[in-house]
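A.B. asks: Residue numbers (the working numbering), protein chains in the order written: chain A, 95 to 272; chain B, 164 to 567.
These are calculated hints, taken from the structure and not from any lab test. Treat the hints with care, as some may be off.
[As the list claims (entries may be wrong)] Simulated crosslink set (DMTMM-like; lysine to aspartate or glutamate; CA at most 25 Å straight-line):
1) A:K141 / B:E384
2) B:K497 / A:E257
3) A:K178 / B:D205
4) A:K178 / B:D415
5) B:K472 / B:E521
6) A:K178 / B:D402
7) A:K178 / B:D409
8) A:K178 / B:E349
9) A:K141 / B:D415
10) B:K494 / A:D115
11) A:K184 / B:D213
12) A:K240 / B:E366
13) B:K265 / B:D452
14) B:K497 / A:D241
15) A:K178 / B:D452
16) B:K497 / A:D249
17) B:K494 / A:E257
18) B:K346 / B:E311
19) B:K225 / A:D115
20) B:K497 / A:E162
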Amino acid sequence: MSVETPLNRGPIAERFGEAIDDLGFAHGVHAFAVPPEMIVELCQFLKEHPALRFNFLSDICGVDHYPEAPRYEAVYHLYSLPNKWRVRIKCRLGDPPRVPSVTGVWRTANWHEREAWDMYGIRFEGHPDLRRIYMWEGFEGFPQRKDFPLRGYKDKLNPFGAEGPPPTLPDLATRNIP
Amino acid sequence: MTEVTELSRPEGEALNTKEVLLNLGPQHPSTHGVLRLVLELDGEYVTRVDPHIGYLHRGTEKLAESFTYTQIFPLTDRLDYLCPPSNNLAFALAVEKLLGIKAPIRAQYIRVLMAELARISGHVLITGALPMDLGAMTALLYAMREREMIMDLMEMITGARMHTSFCRVGGVREDLPDGCLAKIREFCDIFPNRIRDYERLLEKNRVFLKRTQGIGVISAEDGIDLGLSGPNLRASGVDWDIRRDDPYEIYDRLDFNVIIRDEGDCYARWQCRVEEMRESVRIIEQCLDQMPGGAFQIDMPTIAFPVDKDKVHCSMEALIQHFDLSAYGFKVPKGEVYSAIEAPKGELGFYIISDGSEKPFRMKVRAPSFVNLQGLFGTSNAHYLADVIAVLGSLDPVMAEVDK
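Next comes chain B alone, as it looks inside the complex (with noise of 0.2 Å):
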């Protein structure tokens, strides 16, 4: 073997250095999207960083205050493309407190059924593709092979696999099929098993460990006062759930544990996100349990199409209310209204502003996941250029709710 020296440099000589600036992405495989950084380097380490977003901007805010309410839902959609149904349920409650209504009780079920499952099939996503960022593949495989039971099962509820668009205003789009109940149970009897492969997998793996255990910590100040929310607040310490401290829909009837970590890192994040599973599994399993019959559409023919189409065929009232409804869409009581729920990403909160027509006159989308990538900034020791890649896949942004 040779000896290594090093590299001889005239007495008293500093090294010449200077800072240099990086373009990360937009087209960057870690960057889970079109996400474009602006890094100052000093050598390896980040002394700034400059996220440019708006690639993906479609202008929903704008486009929705030129749609009727029931159009907006396919708009909403395509915000975390992960989890359409809690993007639906967010918008349907918005409207319906404006509206004074609520859904019959089973279609509050259905909405919180597939909420938790797209909760599921958003983190499992996570939960995989952070690992493959810093280096360990397997976890993706494996999480998009259960990503596929999710989406299977969407499929079959609502005929679509990604854009569901499956709530309305006032309930749900259909029933649920037959058969659908048992095949939700088989996938809660499947998934806790796999959750344990992928905690096998990366719990002793020592290079996702060492890339993400104490990396990117968030103090819990820090994170309140950079408006993160969802498993990257509580992943600080933060115990806030607005499914258990602002109660929608029917989880108050539910019985759930909101996972907290008190380290505040990458890590942390990513653990959080791994039990969240488990618990969505046992809503789901609440769910069916407690499925009641009924309704999954509320009766009021001037909002919602009454399931009943004879009473179209044969009334004339039915009939212009129908044609109505589908010609002009409904009208909403001017107000205003600011309504959140629990996104997998965090808070997902609608503002609405009626001027009392068919179209809101101003729809704020707060969006979680524009939120929580400001975290980027509050991280006290995300110092080498490989640690931004840690810190970005556990903050876990889409780009199309960012950009919206």
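Just chain A, with the same shape it has in the complex (with noise of 0.2 Å):
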């Protein structure tokens, strides 16, 4: 795109440098790379530095690139909103996935990340209550992936599914995770 970011980038990259990966301004959105273990610390900066203000979460999504090698992603839209400006912040995970929570900056990203566990099986680590959210409790397997037929696997509830078990046993520790 052509467009012209908004976005006042100085602070981030005095700040991180080489560490995240700017993949540029389209369709209102300017974008980040940035590894796991560095996300809470990129969230807590742009949520509190003054020039940028990115208080609001507005989602935290799961993505499953089966079969391309760091299998998986965690997609983070921030919205400022003395700004008006959007972020994404792009998080590419190896399987299992796993990465910090960012519950300890804000507080709405709890259901949205156990919806990306109960969607992907996404481990959030230091989340305070990771359980599934949509699906029942001893439910297996991780239905937005990639692997995971349609029509759901073949039971005694559901007829017409794919005959096979699950290709990515979940862990079942889905209650007592720390």
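Now that you have both chains on their own, put them together as the hints suggest.
C.D. replies: Here it is as structure tokens:
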């Protein structure tokens, strides 16, 4: 896109330098890629820096890039209420996917992260209550992964599902996560 | 009269109490759908609330990955089923951004007109339903009468009352029918008086006031921290409306006020919605005044069906394109987009990753009700069990949107 970004990138480049990847501006959103271990630091910085003030977390979502190599991705959409800027932070995750939780920065992250865990099996470390949110307790598999069949797996409740066991067996310790 | 005396109890023995777990829902009229709240009670006080959602989960996002872009419109209808035109609009805008196109001006006016009608239809229901949860039945019956008028308008415009699926990528499905604008204007003349009726029914209703004023106060900081948006956040004094701050379609040509209340309680949220209906009527009237002529659908045969069917019958290329479009859909360039609009419930965002094919690689719906429901954790003084009902009603979650 030829449109110039309105975002003031100075403070971000100054603080993080080469550690984060600037993906440029497109369709009204400026995107950055960041390694998972830096996500909390970056979010805290974006939220608290007086020139940026990204105080509103719009959304967190998981993405499955199967069969690409770093398979999973966590995508964060931030909004700055005072400056009217939008930012997207992308975080590529290996298998099994793990990323630190940002619930300490925004409380709203709680349910978004539970959803990403439920649907993609992304484990948000440090989340206070990482349970499934849509599917029931004891459900096996992560339904939005690309290798999970659209109709689900065949069992007593689902006679029309696909044959075979879930290819990515989940950690069944969904309840006792520190 | 007999004198009321306290039950005698041995001296020094404390009353034996214990915490009680209470299930509210999933089948309970005040949960507005299938929401289950597990409440931890200490006497009549609520000490902890744990919402269980997912009873209506249909896997919209997973389904969308196997649908073409046009096929996804009916799925978006079923998110917030009170206001399908808003959902359609949000999705269409996201795809249009990826394609780098814009709908013709007339189509934009029609979309905004429909979205505002939908906003009224969504707000008018909760304007009546919140008092009903709190024991004032009358307002709901009046609200339903006006909602019926909007349903009739929707039926006239789209042929369907609820799941309208009227937007298309690059425009709307059909032009407005004859006589429709006059009908909408008639509605705009009647409706402001009806809003006054609701207020007269409720603003001096002491039960309603006692149960909403000062109840469920959410501060601006808590609201932002919890990700609330739309009227729920504006009732806490945050001046943010995507229609004004990040205008999409033709909202920058329209003159309307953003309604803000500072109290942040249930009554403020209710008031915000009532006032927003007045602003919506103003927007609709301006749309009617400014409505230009011209095309209602973009002139790109690879994306939208040609309005003039004679072309398809006479030209080979047009026939092939028509066949291609109906059989396979259209391809969307590789890229990703996050596009948000001000839906009646708040910020409705669509995050779409396209891999260059006819189907989205990933579609994420940022459903406002899903996030707004977390407002249950942000109320500083929702102590009593009965207050949970008021807070829940005033946050106005639509469970179909929460569960996606």
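A.B. asks: For every hint, state whether the structure bears it out.
C.D. replies: Status of each hint after checking the structure:
Restraint check for K141 of chain A and E384 of chain B: satisfied, since their Cα atoms lie roughly 13 Å apart, inside the 25 Å limit. A distance of roughly 33 Å separates the Cα atoms of K497 of chain B and E257 of chain A; the hinted pair therefore is violated under the 25 Å criterion. The straight-line distance between the Cα atoms of K178 of chain A and D205 of chain B is roughly 43 Å, outside the 25 Å bound, and the hint therefore fails. Straight-line distance between C-alpha atoms of K178 of chain A and D415 of chain B comes to about 16 Å, which keeps the hinted pair within the 25 Å bound.
Restraint check: the Cα-Cα separation between K472 of chain B and E521 of chain B comes to about 24 Å, which is no more than 25 Å; the hinted pair holds. A threshold of 25 Å between alpha carbons decides the hint, and for K178 of chain A with D402 of chain B the separation of about 12 Å falls inside it, so the pair holds. With a C-alpha separation of about 8 Å, the suggested pair K178 of chain A and D409 of chain B falls inside the 25 Å cut-off, and the hint holds. A hinted pair counts as satisfied when its Cα atoms are at most 25 Å apart, and K178 of chain A with E349 of chain B does not qualify at roughly 37 Å.
Note on K141 of chain A and D415 of chain B: the hinted pairing is violated, with a Cα-Cα distance of about 29 Å set against a maximum of 25 Å. For a cut-off of 25 Å, the pair hint linking K494 of chain B to D115 of chain A is broken: about 29 Å separates their Cα positions. This hinted pair does not check out: K184 of chain A and D213 of chain B have alpha carbons roughly 30 Å apart, beyond 25 Å. Distance check on the hinted pair: K240 of chain A and E366 of chain B sit about 53 Å apart at the alpha-carbon level, beyond 25 Å; violated.
Distance check on the hinted pair: K265 of chain B and D452 of chain B sit about 22 Å apart at the alpha-carbon level, within 25 Å; holds. A distance of roughly 22 Å separates the Cα atoms of K497 of chain B and D241 of chain A; the hinted pair therefore holds under the 25 Å criterion. Using a Cα cut-off of 25 Å, the hinted pair K178 of chain A and D452 of chain B is violated, with the two alpha carbons roughly 30 Å apart. Taken as a hint, the K497 of chain B and D249 of chain A pair is broken in the structure, with Cα atoms around 37 Å apart against an allowance of 25 Å.
Note on K494 of chain B and E257 of chain A: the hinted pairing is violated, with a Cα-Cα distance of about 32 Å set against a maximum of 25 Å. As the CA atoms of K346 of chain B and E311 of chain B are separated by approximately 13 Å, the hinted pair is consistent with the 25 Å bound. Taking the CA atoms of K225 of chain B and D115 of chain A, the gap is near 29 Å; set against the 25 Å cutoff, the hint is violated. Taking the CA atoms of K497 of chain B and E162 of chain A, the gap is near 16 Å; set against the 25 Å cutoff, the hint holds.
Of the hints listed earlier, those the structure fails to meet are numbers 2, 3, 8, 9, 10, 11, 12, 15, 16, 17 and 19, in rising order.
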